[in-house]
Amino acid sequence: MHVEPWLIQTFCAAIFCIGFAGVLIRRNILVILMSVELMLNAVNLTFVTYSKQLGHMGGQMAVFFIITVAAAESAVGLGLLIAMFRTLRNVDTDQIQLLRE
Amino acid sequence: MDISPVFFFLFAGLAIACSLMVILKKNPVSSAFALVLVFFSFAAIYAMLDAHLIAALQILVYAGAIMVLFIFVIMLLNADAPSFDMGRSHVGMRIAAGVAAVALFGVFAYAFKNTAMIPPVGEFTADKVAAAGGNTRVISELMFSEYILPFELTSVLLLGGIVGAVAIAKRKLVNTQQGVHHAR
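Protein chains in written order, with our numbering: chain A, 1 to 101; chain B, 1 to 184.
Hints listed in this document are in silico derivations from the structure and should not be mistaken for laboratory results. There's no promise every hint is true.
Stated by the list, open to error - Looking from chain B toward chain A, a few residues come up when the C-beta cut is under 10 Å (computed):
id, residue
1, Ala15
2, Leu49
3, Ile54
Unchecked claim - Beta-carbon label-pair distances, calculated as ranges:
id, chain 1, residue 1, chain 2, residue 2, range
4, B, Gly92, A, Ala83, 46 to 54 Å
5, A, Val69, B, Ala126, 27 to 35 Å
6, A, Arg100, B, Ala111, 35 to 43 Å
7, B, Ser140, A, Glu4, 24 to 32 Å
Said to hold, decoys possible - A few chain B residues facing chain A, derived, Cβ under 10 Å:
id, residue
8, Met93
9, Val107
10, Ala165
Values in this document were obtained by computation on a predicted structure and should not be read as measured data. Virtual Cβ for every residue (Gly too), placed ideally from N, Cα, C.
Bound conformation, chain B alone:
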């Protein structure tokens, strides 16, 4: 793929270093900020792969909305004061998890390396996308024609997510003689 190797390896290295920080840092706030850097590196790689709409959505939704939600919950619960894990020893479990992850990575790397190069099946080569008005326009037209049913189902999913989050997170309302008051 004709993308700049310098920038690819720069952002890939940054993403791998920061995602290691996400899982190894004791403090959840440090993990959250490392995760923001991972999301930004991913957005850069999306932009290099000509997926401009996905790159913008990555920054808006992941680095914006989802990370704000995470940091809000960390601050709300005051969960950053003492660290819970890493101090206690489940050393066997940790070694087994590391071995499993490395083995899984070996399988993936072998599979991706040895897969034969598949010839392009679709009609959206880089030139044709540029001629049709760019990545965002092509995706928008597809979204409201070929993929209209999944798009509408997405709105139902989001409605279900909103109702579920409110129903789970709110405090229980208890009916008493005097009326409704909030119970802990």
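Isolated chain A (complex conformation):
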């Protein structure tokens, strides 16, 4: 039973590109944050694949630290989202246009 490593890495690239498209096409900040989490997860799986392929634990240590950074990032990001909702009563990125007026 065998799965080529490049197949797993291509699968990660697919998830990364889906997250990338999500950041570009969506205007709801919540969904944009979710797409960023998708991209972070795709990179994590690439790290683990290389860690297994190369027999080196550095990849899995990197994933551990990326998970910590992702947790801190989503806490601060959702705090920013709440502050934005309190000011604009909206979570739509098109409504951020204070500098245009």
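Using the hints provided, position chain B relative to the given structure of chain A.
Frame of chain A; chain B shown alone:
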């Protein structure tokens, strides 16, 4: 890599379908629940790749803590009632984003397919990890010896994250003659 192709393609297909649902569903609650399924499929693939600690952390931190935070904020803001995007038309932007994503995927797939197989550089082959007491034990020993400085810096990062989140999200305190009261 000697993992079961049936289960790999099952979980990979589930992850791709659910992540498409994350970015295409109108309702943020549907997106959040699709994202939970993506995290679980990733945890399964981590477990197949012998990264047992990472698989457990994936479920605890992502599917547990981060998703609870997301769903809590969705409910708190009541943001799920009307949908904001997709209805309005920025069709050109959406097509351009799709083309950019597909092109990026093409570049990645080409690069990964045509990279020569690198021989293993580290000493942690599957047999040696099993002999040393398993994945979790090996990672723990590395974390408290070779990677002790990044580990300690992580705690500083988390402290900064806590302080930042509280400072941004709390309501401003306004000093008045009568004392402190909460302003909107």
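Practice task
Would you check whether Val107 of chain B satisfies its interface hint, that is, whether its CB is within less than 10 Å of any CB in chain A?
Solution key: holds (9 Å)
Problem - Hint validity - Leu49 of chain B Cβ closer than 10 Å to any chain A Cβ - result: holds (5 Å)
Practice task
Report holds or violated for the interface hint on Ala15 of chain B, using the least CB-CB distance to chain A and a cut-off of 10 Å.
Solution key: With a minimum Cβ separation of about 6 Å from chain A (threshold 10 Å), the hint on Ala15 of chain B holds.
Practice task
Tell me if Ile54 of chain B is really an interface residue toward chain A, meaning its C-beta lies closer than 10 Å to one of theirs.
Solution key: Because about 5 Å separates Ile54 of chain B from the closest Cβ in chain A, which is inside the 10 Å limit, the hint holds.
Handout entry: Status of the hint placing Met93 of chain B at chain A (closest C-beta pair under 10 Å)
Key = holds (7 Å)
Practice task
Using the Cβ atoms, figure out if Ser140 of chain B sits within 24 to 32 Å of Glu4 of chain A.
Solution key: holds (31 Å)
Problem - Outcome of range test on Cβ distance (Arg100 of chain A, Ala111 of chain B; 35 to 43 Å) - result: holds (40 Å)
Exercise for the section: Take a look at whether the Cβ-Cβ distance between Val69 of chain A and Ala126 of chain B falls inside 27 to 35 Å. Expected result: holds (28 Å)
Exercise for the section: Verify the interface restraint on Ala165 of chain B: the C-beta must sit less than 10 Å from at least one C-beta of chain A. Expected result: holds (4 Å)
Practice task
Check the following: the C-beta atoms of Gly92 of chain B and Ala83 of chain A are separated by a distance inside 46 to 54 Å.
Solution key: violated (31 Å)
Comparing the model with each numbered hint stated earlier shows that hint 4 is the single one that does not hold.
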